[in-house]
Amino acid sequence: MTVYETDVPGVGKKFELDVEDDARAVVLLHHDGRVEVFRRSNPDADSEKVFDLTRGEANRLGSILEGAYFEAVSTDELQVPLGDAFIEWVDIDEDSQVAGQTLVESDLRNVTGVSVIAVQRGEETIPNPDPEFQVEAGDILVTLGNREQQADFAARCR
Amino acid sequence: MAAAGLLLDAGVVLAAVAVGGAIATRLDQSVIPAYIVGGVLLGPNGPVPSLRLVGSAEFIDLLQGLGVILLLFFIGLHFSPSTLVERREAVFRAGGLDLLNGLVGLAFGFLLGFTALESLLLAGVVYISSSAIITKSLIELGWIADPEAESILGLLVFEDIVIAVYLAIVAALALGGTGGVGGGGALTAVGVSLVVVALLALLAFRGTPVVERVLDTRSDEQFLVRILAVATLVGGGALYLGVSEAVAAFFLGAAVGGTTHADRVERVITSERDLYAAVFFFAIGLATDLSTLLPLLVPVLALAVVSGAGKLVTGYLGGRAYGLSERRSARVAVAMVARGEFSLVIAAIAVQANLDPRLSALAVGYVLVMSVAGTVLMSQSARVEDLAERFLAGRTLAEGPAGPETS
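Just so you know, the protein sequences line up as chains A and B, in that order. Anchor point for the first sequence: position 53 equals 53 in the UniProt record's numbering, and the numbering is continuous, going up by one each time. Anchor point for the second sequence: position 254 equals 254 in the UniProt record's numbering, and the numbering is continuous, going up by one each time.
FYI, nobody ran anything at the bench for these hints, they're computed from the structure. Wrong hints could be hidden among the right ones.
Unchecked claim - For each label pair, taking beta carbons as the anchor points, the in silico distance ranges come out as:
{"#": "1", "chain 1": "B", "residue 1": "R267", "chain 2": "A", "residue 2": "V50", "range": "23 to 29 Å"}
{"#": "2", "chain 1": "B", "residue 1": "A107", "chain 2": "A", "residue 2": "L65", "range": "52 to 58 Å"}
{"#": "3", "chain 1": "A", "residue 1": "V19", "chain 2": "B", "residue 2": "A262", "range": "26 to 32 Å"}
{"#": "4", "chain 1": "B", "residue 1": "D220", "chain 2": "A", "residue 2": "N42", "range": "43 to 49 Å"}
What the hints assert, rightly or not - Stretches of chain B that chain A covers, calculated by requiring three or more beta carbons in the stretch to come under 8 Å of a beta carbon on chain A:
{"#": "5", "segment": "80-94"}
{"#": "6", "segment": "131-142"}
{"#": "7", "segment": "149-156"}
{"#": "8", "segment": "263-269"}
Heads up, the beta-carbon is just placed ideally off N, CA and C, and yes, glycines get one too.
One chain only, chain A, in its complex shape (with noise of 0.2 Å):
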């Protein structure tokens, strides 16, 4: 693979790179940190300008396209294709009012809303747990539910 590369006089610099068929891409560098993006789909053609991206743009475009892109987010923001729902997980510990409960003994899932999705206990992780469960202290209940449910659920297992 062949990258062309070019001092534009007055502009800035130019690369190339040969991608598919005849098609070659074509990327300005300005001076001012402006960068263009053309593709020509065959030799004879004009360049069609597909992006025109500033330099802040354009730095993040390379790091998806070199695969090396992510984002470390809080969890105060974090989005997961949810909804408003996000997994929370939650310690039962010995004094916990739960423990010692059934699921649906405890009805926690009718009075806040939120589902108990997986169960940790030790080394062992029990999936959808069904209503009979007992919950023990030491539990980590891994639930499903918005911010305001998460905090009723979270107070209640206290």
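For this one, chain A is given, so just place chain B on it according to the hints.
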């Protein structure tokens, strides 16, 4: 003049430049003719007496000088010897053909009864294309990503070197005192000029570490001030010695272009250059008297037609020298038509040297026509390309079987 008057003058100038620029942008035109027209309208010789708002104030002279220095400084900054070396055969073939355009100006000069020096200046006015207009149009039209951009910019770089040497000589001849070729004073002036230019060239190609150190500062403010200080000192000093400040600034730009600071100059100083350059074009308008320009209307148009056709031919052949297809060569032809800032730098020399006032008026009128014609031609290039293809197809038919001309 009272300080308040001076400040008000500055306000009027900047407002006129802003309005002119806005109108030109709305019309998809280069801003250069708009600035000149603004200067003509508001200047001491303006057609409407009540609009003669701006006298030739000292601050305009100053900004005009800084405009020339920064324009040429940037040309030097972008001066890329590698562009020339990489494809030297094509560059020199295309550039050599392009040089012939100067002959049109030379011939017109003699026809109009100018002296040899004045005709030589007119040759420069007609020869030199506008890097500013052409580069801007290349970016706006997206041609910058296509192969024709390389040959167009190669030609511009070639022209820049020619004009640097040319300015060094003609400025010395014109400003050297006698105003004619062959006088002892003029010869001395050319000698001094060439020595100064040689020293500056040495700085440009050997002095990079020194320049690097002088400009080494983290503060953008310090950086801006240092560049302006050095450029103004070098330009002013050169002018004091009778050497063109434009040439001095060009080589200084080349020296800075070789350092790691080149990109930073773009970021920090471009807006300064644009401001001073705008005032430079405006000041050219101020110095222009419509009553000298109007009688020259016919020569201006004749010069525009003949030299425009000349650029189309040499540009096309230049594109072919680069191995471009007929259509892309037609684009090179169209792109090279615009004239602008350099032609006006030459006109400014003619004014400074008290040469025939018709010369600078002719140059201003010519730039007005050619800067507009150049941008219009480039935006309509599809039609020109079709015409060229049809015309060339007809020609090859008439000549019989065409050679393997298509690329």
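We went through each hint and held it up to the structure:
no. : hint                       : verdict
1   : B:R267 / A:V50: 23 to 29 Å : holds (25 Å)
2   : B:A107 / A:L65: 52 to 58 Å : holds (56 Å)
3   : A:V19 / B:A262: 26 to 32 Å : holds (30 Å)
4   : B:D220 / A:N42: 43 to 49 Å : holds (44 Å)
5   : 80-94                      : holds (count 3)
6   : 131-142                    : holds (count 5)
7   : 149-156                    : holds (count 4)
8   : 263-269                    : holds (count 3)
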